[in-house]
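Novice: Protein chains in written order, with this note's numbering: chain L, 52 to 278; chain W, 6 to 222; chain D, 5 to 254.
Read the hints as simulated data drawn from the structure, not as lab findings.
By construction, the Cβ of each residue, glycine as well, lies at the ideal position given by its N, Cα and C atoms.
A couple of the hints might just be wrong.
[What the hints assert, rightly or not] Below, computed lysine-lysine pairings styled on DSS-like, alpha-carbon distance capped at 27 angstroms:
id, chain 1, residue 1, chain 2, residue 2
1, D, K125, D, K171
2, D, K220, D, K192
3, D, K192, D, K144
4, W, K216, L, K105
5, D, K30, W, K119
6, W, K179, W, K119
7, D, K171, D, K192
8, W, K119, D, K220
9, W, K119, D, K216
10, D, K30, D, K216
11, D, K220, D, K144
12, D, K121, D, K144
13, D, K216, D, K171
14, W, K216, L, K169
15, D, K125, D, K144
[As the list claims (entries may be wrong)] Okay, the calculated beta carbon distance ranges per label pair:
id, chain 1, residue 1, chain 2, residue 2, range
16, D, F26, W, L29, 46 to 56 angstroms
17, W, Q115, L, R272, 20 to 30 angstroms
18, W, S50, D, E142, 36 to 46 angstroms
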Amino acid sequence: MSYQFDFAALLPYWPEFAMGMWLTLQLSAVATVLGFVVGTLCAIGRADGPPAVKWAVAAYVEIIRNTPLLVQIFLVYFGIATLGVHVSANMAAVAALVVNVGAYTSEIVRAGLESVHKAQLEAADCLGLSRAQTYWHVILRPAVERVYPALTSQYVLLMLASSITSQISAEELTAVANRVQSDTFRSFETYIVVGLLYLLLSFVVRVAFWLFGMGVFARRRKLGTAL
Amino acid sequence: MQSFGLIHVEFLAWAALWTVGLSLIAFVGGGLLGFAVALARVSGSLAVRAAAIVYIQIVQGTPLLILLFLIYFGVAVAGFSGVPAILAAGAGLTVYSSGFLAEIWRGCIQSVPKTQWEAAECLALTRWQRMTRVILPQALRMATAPTVGFLVQIVKNTSLASVVGFVELSQAGKLINNSIFEPFTIFVTVALFYFALCFPLSTWSRSLERKLNVSRR
Amino acid sequence: MSSTLSSPLSPVVSLSNVHKSFGALKVLDGVSFDVGVGEVAAIIGQSGSGKSTALRCINALETIQQGTIQVCGHAIHDPALDRRALRRDVGIVFQSYNLFPHLTVEQNIMLAPTCVKALSKGEARDLAREVLSHVGLEAKADQYPEQLSGGQQQRVAIARSLAMRPKLMLFDEVTSALDPQLTGEVLKVMETLAREGMTMILVTHEMAFARKVASKVVYMHQGRVWETGTGAMLDDPQTPELRAFIGNGL
Ligand SMILES: Nc1ncnc2c1ncn2[C@@H]1O[C@H](COP(=O)(O)OP(=O)(O)OP(=O)(O)O)[C@@H](O)[C@H]1O
Ligand SMILES: [Mg+2]
């Protein structure tokens, strides 16, 4: 094996790598927030909605969980175009990621909702809380706190999976890597560097979620134990 | 230019067979490697355990797409040229599956109560005998549902093998689209094929899980 | 009288000045006692006094920080201890049975003799039948643990240990999880073993049983051996702590 590694050739491209990381973070942050909203609404619909809503959510979840993200991305990308609307690749990428992660979120949150005991609802009812108040204070908050670790893992996976949007030429870290390697002909080195950058990003995302959890869940912050 | 028709569906059906084949390679390869990593992850030696943790963290912290590129170009760097796409894709998916299966199986092994280890130890069984005769048979029961569930992930992720030029379902869809450009119809059909492969596995995994929960009570 | 004569046999178990802590928590604080061949020693004491820990140290499930323990000729305190050789000589039965749920009663018993002593399947099966009949459960050979009552499971656990032909048996509160009737059937098995000359150390809350069967009673308090004597010691406690302990129990 006589291959000479040359990482120096990649040095001039560091601003591009940095930009790629930033774009990947942005893309996944937007998809995470929107996906969480979509997923939570779906979970509530599945738990408490009319039969048609329950059925629709169940179908949505099954379809998404049993088809690849790559195909979903193509479908959203070309589907929007078929409608005659012109959107950027990154917009299509966000839309596809939201549709995808919304389904997974709804399953996780649903497990959280199911873990809230009936007695808690009765207690809230007896205290005269409205339905909305009960949902917010007694059901949703503890449910999300309980499944927070699972949500964290899911959103780290989402960040990694966002690399697939490079396949429709969305601008993010993997797209940058593809361009740099074709410029430099240093493919192996490029993907080693980018692999390490993704590892760094996974770590950053985990830390961010941990800090956010500490900020939002007072009980966890004070007691340090899982709910 | 012809439009989407039976001939394309037939082409996709053949490609679906390659998807199945690649999934099997990834599952068998990833299963063997993952099993070894899972055992290393619960090993008595700190160094072995640490190595397994690092391996799992790297595999789970890197996108599959990047793993595939790394193996594809790494093979060329190592001096092997003209490696068939199925081997590059199979190796990439094997590494990916091993990282996740190892972690799933570690969880199952560690969920066997510590008292079972102790009881086996007090009967003078060796570490290997404790593992194979007492712990693994119990862990296996818990592992079936999540393992079948992960099989769905493998099938879906074979779609990324298209980036190293392997013609499976997704790549076949892209090829058809290049010639007749009817993306929506084509990819809905591709999605249906994936759904037909994955949905039975998902359902099976769920029913296994339900059975396990019932027997646990 | 006999105690003044030095026994020709060295004790089966001998603890000398054993210290054991979990982190900052001192659990054994200089424990010493001996158990001779054929003796039945009962360890009694309040919850948290270190009884289980002492038993686990004897079987090398815990490592000690100071002192020496000799068990059937094995030096437990020696870092080079051959644990598997020790476990061939010592059987232990836990409060929570710890039967292997994926194996039948018979398979539970056959596992160690086939794996460790390389007995053939047939020999191991005969052995299983024999020890099962000893605990009165031949009829249950093909059942799974979950199909048995707690008392039956505990008797299977005893049989499983007996199948290794141990020189010493350890019992850690083996009847605490059982109701009185099931307790009776397990204690009967243990009494039989004692009568047959098995050397046994048992941690127990069954004072009546200790008084009747034990040749030696060790009262532990705050990680120390507070009082030792024969079963009669329970009728005439010397320390206020033991008096209070027995008073609570009755
Ligand atoms: N693995 C461990 N780690 C930390 N502390 C322990 C551990 N095992 C036991 N302890 C502590 O050691 C002390 C003595 O425990 P031990 O189980 O020996 O008591 P015991 O006399 O058997 O009590 P019981 O009658 O309740 O079984 C207790 O305070 C217990 O909390
Ligand atoms: Mg105890």
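Novice: Determine for every hint whether it applies to the structure shown.
Specialist: Evaluated hints:
no.: 1; hint: D/K125 with D/K171; result: holds, 23 angstroms
no.: 2; hint: D/K220 with D/K192; result: holds, 19 angstroms
no.: 3; hint: D/K192 with D/K144; result: holds, 18 angstroms
no.: 4; hint: W/K216 with L/K105; result: holds, 24 angstroms
no.: 5; hint: D/K30 with W/K119; result: holds, 23 angstroms
no.: 6; hint: W/K179 with W/K119; result: violated, 52 angstroms
no.: 7; hint: D/K171 with D/K192; result: holds, 20 angstroms
no.: 8; hint: W/K119 with D/K220; result: violated, 32 angstroms
no.: 9; hint: W/K119 with D/K216; result: violated, 34 angstroms
no.: 10; hint: D/K30 with D/K216; result: violated, 32 angstroms
no.: 11; hint: D/K220 with D/K144; result: violated, 34 angstroms
no.: 12; hint: D/K121 with D/K144; result: holds, 24 angstroms
no.: 13; hint: D/K216 with D/K171; result: holds, 22 angstroms
no.: 14; hint: W/K216 with L/K169; result: holds, 24 angstroms
no.: 15; hint: D/K125 with D/K144; result: holds, 18 angstroms
no.: 16; hint: D/F26 with W/L29: 46 to 56 angstroms; result: holds, 49 angstroms
no.: 17; hint: W/Q115 with L/R272: 20 to 30 angstroms; result: holds, 27 angstroms
no.: 18; hint: W/S50 with D/E142: 36 to 46 angstroms; result: holds, 44 angstroms
Checked against the numbered hints above, the structure violates hints 6, 8, 9, 10, 11; every other hint is satisfied.
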